[in-house]
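**Student:** Chain residues, written in single-letter form:
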Amino acid sequence: MASETAAIGVQPSRPAPWRDPRLRGIALQVAFVALIAAIIGFLAYNTTVNLRRQNIATGFGFLDREAAFGIGETLIAYSPADTYARAFLVGLTNTLYVSALGIVLATILGTVMGLARLSSNWLVAKLAQIYVEAFRNIPLPLQLLFWWGLLRGSAPSPREAWQPLPGLFVSNRGILFPVPLGDPAYWWMAAAFGAALVIAYAVHRWARRRQMETGRQFPAGWLGLGLAIGLPIAVFVAQGMPLELEWPVLRGFNFAGGTAVSPEFGALLIGLVIYTGSFIAEIVRAGILAVSWGQSEAAMALGLRPGQRMRLIVLPQALRVIVPPMTSEFLSLTKNSSLAVIIGYPDLVSIANTTMNQTGQAVEGIAMIMAVYLAISLSISLLMNLYNRSVALVER
Amino acid sequence: MTDIDIAHEIPLAAQRPPVISTGVIGWLRANLFNSVFNTILTIIAVYLLAITVPPMIRWALIDAVWNAPNGQACRGAGACWAFIGEKWRFILFGRYPYAEQWRPALVVVLFIGMILASCDRRMWGRRLLLLWPVGLALIGILMWGGVFGLRYVETELWSGLPLTLVLAVIGMVFAFPFAILLALGRRSQLPAVRMVSVAYIELVRGVPLITVLFMASVMLPLFLPAGFTIDKLLRAQTAFILFAAAYLAEVVRGGLQAIPKGQIEAADALGLGYWRRTRLIVLPQALAMVIPPLVNNFIGAFKNTALVLIIGLFDLLNTANTALTDANWQGFAAEAYIFTAAIYFCFCFFMSRYSQMLERTFNRGHRR
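Going down the list, the sequences are from chains Y and V.
Under the numbering used here, the first residue of the first sequence is numbered 1, with each subsequent residue one higher.
Under the numbering used here, the first residue of the second sequence is numbered 1, with each subsequent residue one higher.
Just so you know, nobody snuck in bad clues.
Quick look at which bits of chain V chain Y covers, simulated, 3 or more residues with Cβ under 8 Å:
{"id": "1", "stretch": "196–207"}
{"id": "2", "stretch": "305–319"}
Only part of the chain V face toward chain Y is listed, based on derived beta-carbon distances under 10 Å:
{"id": "3", "residue": "34"}
{"id": "4", "residue": "41"}
{"id": "5", "residue": "42"}
{"id": "6", "residue": "191"}
{"id": "7", "residue": "214"}
{"id": "8", "residue": "228"}
{"id": "9", "residue": "347"}
Hints listed in this document are in silico derivations from the structure and should not be mistaken for laboratory results.
Bear in mind the structure is a predicted one, so any value in this text is a computation, not a measurement.
Note that the Cβ used here is the ideal one computed from N, Cα and C, for glycine as well.
In isolation and in its complexed conformation, chain V is listed as follows (with noise of 0.2 Å):
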């Protein structure tokens, strides 16, 4: 008993804790060696980091060459950058006149700010219907020319970044429109309807979009009649959206399967009619609930669009791969697709980031 007294009479002074439960030890200590296991891979991937990680940084960054005339100037231990400062805008914007190439970077402005706008959700709605007619008329007319006094280009130079933008952004837009009719018929009580979709959807869904483009560039001329030809980035085009809208319409069906049976029977009840009832009752609650899978389901798209230069149009990739084939600046691939990717990561990363960023945020009000 007596001991408790004494305890309580002299208080013992404050200690700090043990050294190797807190800061930089304790850290490591709980994150890096806290089983055998763990110490052993830490251990090796520290290995597998050190013999990786210095020789790359040495390419890159010490044994870089920054500026270099041709080529031959450039031959060295580390990476060649000059070859990007000599063609980052043949790359950017390949075989757009060179003159005039302040209009795609124009373009390619406007696009992205007009993917950042429709990221904001106090955005969406009626000034979204706004806000990309204008836009895209606005873009059709800085990359078209011929009015204004701007200098006509024709489709065949659009190439580089705005290219696959465009590939991208008018696919997804024109796709949407056309998923929503699939996602629709697919779940209409009229079996000819459905079967026409299901078929659809599971055809194009089931082949890869190298046949796709294929028989835009090689059978689509076949189909029109004779004399009536279409430009190679309009058949493109025309692929892309018929191969995007297959995937979206899967997407928006998802968004149809989880609206409650209630909500379509309440809407019979007020008297609306199919169509009324679809897109005043059925349609805003589906695609608010989609949205994050057709984020993704964007980047995809957009990934996508690299596999046009297989029928021969000139987007990011194919462009890199075209400043590739110079006399002057031969052997400089792996510099040519590290610049490419970081550009397409970019747009990639920030996509896959808002779309996890709307996921948390619309899961907030169904979690326990």
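In isolation and in its complexed conformation, chain Y is listed as follows (with noise of 0.2 Å):
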């Protein structure tokens, strides 16, 4: 007892400076510090030194040279008397083109499949399944080269090309489609698909604020629909309806006119849309299957239409678990269209590895591809975190 009191009141004494978890703390971490940092130091004292010794200057002043290489598909204009800062710019716009594309595509058939094998149709779920089951489980190199073996290797000659839609070929010079001819008409149905776009949002916004005070339902939703197709098919019919396309005939050995996708883009936005789509077709099964049962039998006993159960009920609870995993599936399509450089479509990866081996600048090469990516994945990031938080549940 006497010894108890005696230690109320008493402060602890202070551990021993080799016991004080704040002071091992801190010496843990310079000296954790100072372990990484002479490992970098290392790397990069071996790093000038041997380039030193190949002779390769450092820096980023190879940018300014002329690239002398050409390219075999760009977007923006380029030829091999350009920089090579222009020719990473035609990389990185290439690399951009097919991962949005590829996102896009990906999402629609991701959602068509996932949304598939849930059906109560057995033949329909059981094909999607296989979908899935087979390409998820199929490395991506694996399958670009089979689809540009497929496009590049067994489709015919252009003299031959498969033709499976009238005006569409298929050939060993890529897919070719008919273009309309630009009319000044296209843009003025542009400027009315924006102007529909624009009306729809303040009819929805009107009909929203109406239905708040009064419990009227205005059919917003297919006045938005109608606006946005009937506007510029108004415009299209005013304007004359000029309907020329610019078809792909046969010119000797190739085709001449219309407009013609590659067999490395082709191989590569199937392979990336095929394989990625299988990923994100689970993530919208389970997603739809994470919302009980029993949220859907209370909609039907609120008298809810299968459409508003879907679009009211279901849809916003399943994109909270959706959402998130769909944002890394887009960030590794993104990452994975650098496999580009397999097939040999100009990728910012591709582009790269030319460059490194004509200059060595390697270690330039790899730190703007590194930097590039990582704005890339940031940029997706953060969109769909913006995105997230709209759909995540709003908890007091």
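Dock the two chains into a complex; use the hints.
**Tutor:** In structure tokens form, the structure reads like this:
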């Protein structure tokens, strides 16, 4: 008893410095940082020594030099006389182009297949399951080579091109399809589409407020859809329906006219979309299954129609589960687009690779690739996090 | 009232259910034609199957050539499986000396046996810790040789399926401890440790595997002191370990975050220090929780090995690609890729089924 009373009011003695958790933490961190710095310093020292020995200049000066290599497919003007910086830009636009297109198409394909796997139709569900299991379990490089081999090697020459639809040609020079000839009417149609979106948004706001105040509903969605389709068509008719297509025509050994998709781009896009689509299908399926059946039953009890049930009850809850893994699928699609180097589509990595081989500037080239992909990854994460915040559960 | 009495007196003979609700017809009605929309879907699906499946069967089986002396004799309307018959050993074992190819074959069997043994939950624990070092040592002896009268085979010649398995399995085995350290670092109280871990994980996860492979094949020689070289396989293996560790670390972190704080507090109350707490209390629970995603990660790593063809290693995909360049057998890309895809598929499909089974087993206790 006596010792206990004596202990009250006595401050615990300070631990010895080597037993103080705070001091130990600081010491540990100092040692850790020193170790990391030593490793980095060692590598950097070796690198500079090795580069000097191989007579490779460091720095980004090489970007202003003439690239002197051709690029098969470019979205922006480019010639071999342009600089390496311009070549990088071409690669970056190609990467962004194929990734953006791939994300949109893979989302559509994946959502359709995910819903198909949940279909009450046995045949449709089984076919979707076979699709998912088959393409998820085969490495993407293999799929890319397969599609490329099919488009490049097995497809016929332009003279004997397959024609699945009139005007659509598949040959070993790529996929060709007709494009409408430029006409000012198309700009007016685009403007009409934009105006329709603005009007639809305004009507939606108004209808929502009216429903909040009076409880009366207004078919704003259908009106918006009608406007978005109807207004451009009305403009199209008013402008005299300029429907002149530029058809691909066989001239000599190749096609002229129309728009061509190269076998490389075609194979890359098909491969990325089909591969990523199989993962997105599983995400969509899991998301919808995560919404308990009681929610659907409650919606039915409230008298909501199947469409309303999906749109108002199931989808908002499923999106919470779907959006985060979807983000990482989009990211991995973008990163996987770098596999273009296998089949020779000139994306960023492939052009950087050529540059590194020509100039020997490996460190700078890889640093640039990494910086670009980090920037793309962070932007996609940021956008998807913003979207995620809008669908996330609002808690008290 | 009398009606009811009559009904009671003369029992009706049991009737068979209507034909349209049982058997094949009933099943078809319930599963394929239960609404207008589904009927349309069924018709479209059947039509698509009818135009795609028969030509595929004709190509793969009916018109296929099974035996041919060379590519010229094999060219026809159908698939040339004679190409696979000719090249399967090259696709599976690549440039490994022909007379010694029983060794990589045995290695593949060993790998599959070790993976299967690790799938058995009764084996989890000390037995696996014994099995893996012994198994990996055996695999090393078989692949390299140079002892017990086995011919020495340098890593340049390792190729095909054994190389793919070496890259994937060794990569995961070595990435795992590194990943645990990274995950612990990311959850650490010490800001410097946390920052370095976060930077590493996010940097590696933000870039494609290709860049890490390029870095390993191009920059690793620059990083090392002059005169110090490491072979190509080891460089690729390093890249795999560094890359896989970042992804695994995030999986492990998921498990660490799921540990209730009470567990850590209880460990502190028992007077356990950081390392003992982590080793005895935190990790056993955290790792058990993340086994299904770990298996999924392993599938990813297995598929990722197909990327090494970019830096010129002869993995399964690259041997298939190389087999296609034989002048006597030109133009059988589809056959080679289908054969290779089937091998990859068998491994990945088995593992994904296994991970689904584990998830079901683990969720049994949590399901309400």
